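J.: Next come the chains, spelled out residue by residue.
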Amino acid sequence: MKPTERLSPARRVATAAVLCAVSLLFSYLESFIPMPVPGMKIGLANLIPLLLLPSLGIPTAACVSLLRIGLSALLFGSPVSFLYSLAGGIVSFAVMALVFRFRLFGLTGVSVLGGVCHNLGQILVAIFALGTVRIAVLLPWLILSGTVAGLAVGLLGGAILPRLRRAGVLPEEETKKE
Amino acid sequence: MKLLSRREIVLLVSLLLISGALFLLLFLLRGSGEGEWDAVIAYRNKTVARLPLEVDTVYLFECEEGVNRIVIEGGAVRVESADCKNQVCVEHGTLVPAEADLDFISCAPHRLLITLERRGKE
Amino acid sequence: MHRRSVLRRAAFSLALVFLFCLCAMLPSCGLMRQRSFSRTVDGPFDTAALIRIYADKEDDANAFLDLFESELREWDKLADIYYEYEGLNNLRTLNLAAGVAPVALDPRLLDLLEYGLSAKEATGGRVDLLLGSVLSLWHECRTAGQNDPEHARVPTEAELSEAAKIASAATLVIDRAAGTAFLPIAGSSVDVGAVAKGYATEAICRKLESLGFTDFAANVGGNLRVSGSAAGTSWQFSVRDPNGSKTIGQIERTGKTAIATSGSYQRYYTVDGVRYHHVIDPDTNYPAAFGWVSVSVLCDDAGVADVLSTALFCLDYDAGVSLISGGSSPVSALWINESGETFAVGAFAEGGGK
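Residue numbers (the working numbering), protein chains in the order written: chain A, 11 to 188; chain B, 9 to 130; chain C, 2 to 355.
Hints may be right or wrong, so weigh each one.
[What the hints assert, rightly or not] Cut-off 25 Å, straight-line C-alpha distance, at most; resulting in silico cross-link-like pairs (BS3-like, lysine-lysine): (1) C:K257 x C:K58; (2) C:K208 x C:K58; (3) C:K166 x C:K208; (4) C:K78 x B:K93; (5) B:K93 x B:K54; (6) C:K58 x B:K54; (7) C:K208 x C:K78; (8) C:K78 x B:K54.
[As the list claims (entries may be wrong)] To give an idea of the interface, some chain B residues facing chain C are shown, with a C-beta separation under 10 Å as derived from the structure: (9) A50; (10) Y51; (11) N53; (12) A57; (13) N94; (14) H100; (15) E107; (16) D111; (17) T123; (18) E125.
It should be emphasised that the hints constitute simulated quantities derived from the structure, not laboratory data. Remember, it's a predicted structure, so these values are computed and weren't measured experimentally. The beta carbon of each residue, even a glycine, is placed where N, CA and C say it ideally should be.
Chain A on its own, in the form it takes in the complex:
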């Protein structure tokens, strides 16, 4: 199959589903890595929505992201963790989508902002849930780790996206203006 071929709707759904499962797996594996600060994570699962934004479009990426969060909470988490994940996920994805749509930054920049905003979203929810602003002391740590993690995932994404495209797993970006 040619690298530039557009995917059929069936192919799109299938690809999205598989990648969603991969994202779920990443999320699960990542939970075993101990972190000093609660809520700190590498965010490897975010790699998938990142790759999907330029490949299958914003709506598809959004669905995969939400689905992954839901499934992850259902399978491995609790109602509380779901709330936090969702908050982080929504804020993070919204920002990522905006940045991508308006080409403010490249893929790496999108990922960095996604990482930082994920943590910001979680802190916001924590402040409301715990009823105290004290949790904000974790902010510097989470901004730093969000930046670094986002950078790592972004660079990784930038490296494997061309390869996935060459392999025909993901389509080229739709650049035609109509």
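With chain A fixed as given, assemble chains B and C onto it according to the hints.
T.: Okay, now just chains B and C, sitting in the frame of chain A:
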């Protein structure tokens, strides 16, 4: 292949600066005694309870020697009432974090000691 | 070209890993100052003690705390006038042998007794360790009155004058060469209540300081003694108003400092609605009636602070001021009377201190 566009580098640096500034802020604030405090309640030199000072509570301490009614209110701890003979513990009044280094409330007949410790210290 | 981009990528990845490790490490070592280690000791001198030290290593801190605690308990036993301990001659042993024979005592106890005698002289008799016969009467009545408030009583005039006669005749003979002390008058007794806590605290702190410990604070039943600083910042003392339980003033100090407080609210009992506190005026043989509710003294020696706080409680303001001005090192004092008025001299007057 360009790893990062100039814009992205600017983004990264600004984020690092922001978090650095926040760290500095935290560090400066920490010097002034900010932090969470616990009221540590000990009986015969053994800790029996650790109560956060931010949460208003009433703790009824009971031992074979007697009873002390310990109240946490408005960020301070005090013995509201007790059935000991000398009432020194009640007379002491409140114990607040500003005095935490040196002050304590003790009920000698009941072998009871109340001190304030920062959270996170064993 | 290809190699350079691989190198760049490798450098970047390494930098990332390093940063991440930093992120992981930093929260746990978290902006460390010296850690503070504390211990509470329940029981000595019929009260409790809080000891705190700032140290880098936990072992050093524990060594300090262990030593302080054991020294404190030893002093407690030595200075005890109500109980005796197996294999140990303490002050109760001395009191029981009054009018009988000299008692061999630990040299530290002899130091304490000598200190008590010099305190009696220095305070013009306001603090009198030989007032034991009178003080024990009050102690009995107070304890009985606390246990059984219905039948609380005040010592009778007859009892008091009898005890006072013995007290004024009482002497204490200390033979350092033989290591003994002797109360020649039968019925006389030694009561170091106004001296012992402060003296012991000071002795222990000096011993530990000579061993190299610093940056510590101790509160032994209300006798405060600090050394060095609280990890770079000053120790904060707050003076509270015993009537309203609010803070009157704040003092910050570094270096050797001691504060002792005598108060009518500390130990008292009630007879027919009247409060009788524990600081007895040697002139009247009744609780000191100069109108003070609390007197705090600040100086560089916990023993001196303890003695002076008791002495000032048994003196009016002017006499008190002249007493504390006589010393070799500066003494500050804070008086609070029953009307809630405060009088301050020295660091308490500055309200901030150094």
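J.: Are the hints correct? Go through all of them and say.
T.: Checked hints:
no. : hint            : result
1   : C:K257 x C:K58  : holds, 22 Å
2   : C:K208 x C:K58  : holds, 20 Å
3   : C:K166 x C:K208 : violated, 39 Å
4   : C:K78 x B:K93   : holds, 23 Å
5   : B:K93 x B:K54   : holds, 23 Å
6   : C:K58 x B:K54   : holds, 23 Å
7   : C:K208 x C:K78  : holds, 18 Å
8   : C:K78 x B:K54   : holds, 22 Å
9   : A50             : holds, 6 Å
10  : Y51             : holds, 8 Å
11  : N53             : holds, 5 Å
12  : A57             : violated, 14 Å
13  : N94             : holds, 6 Å
14  : H100            : holds, 8 Å
15  : E107            : holds, 5 Å
16  : D111            : holds, 7 Å
17  : T123            : holds, 6 Å
18  : E125            : holds, 7 Å
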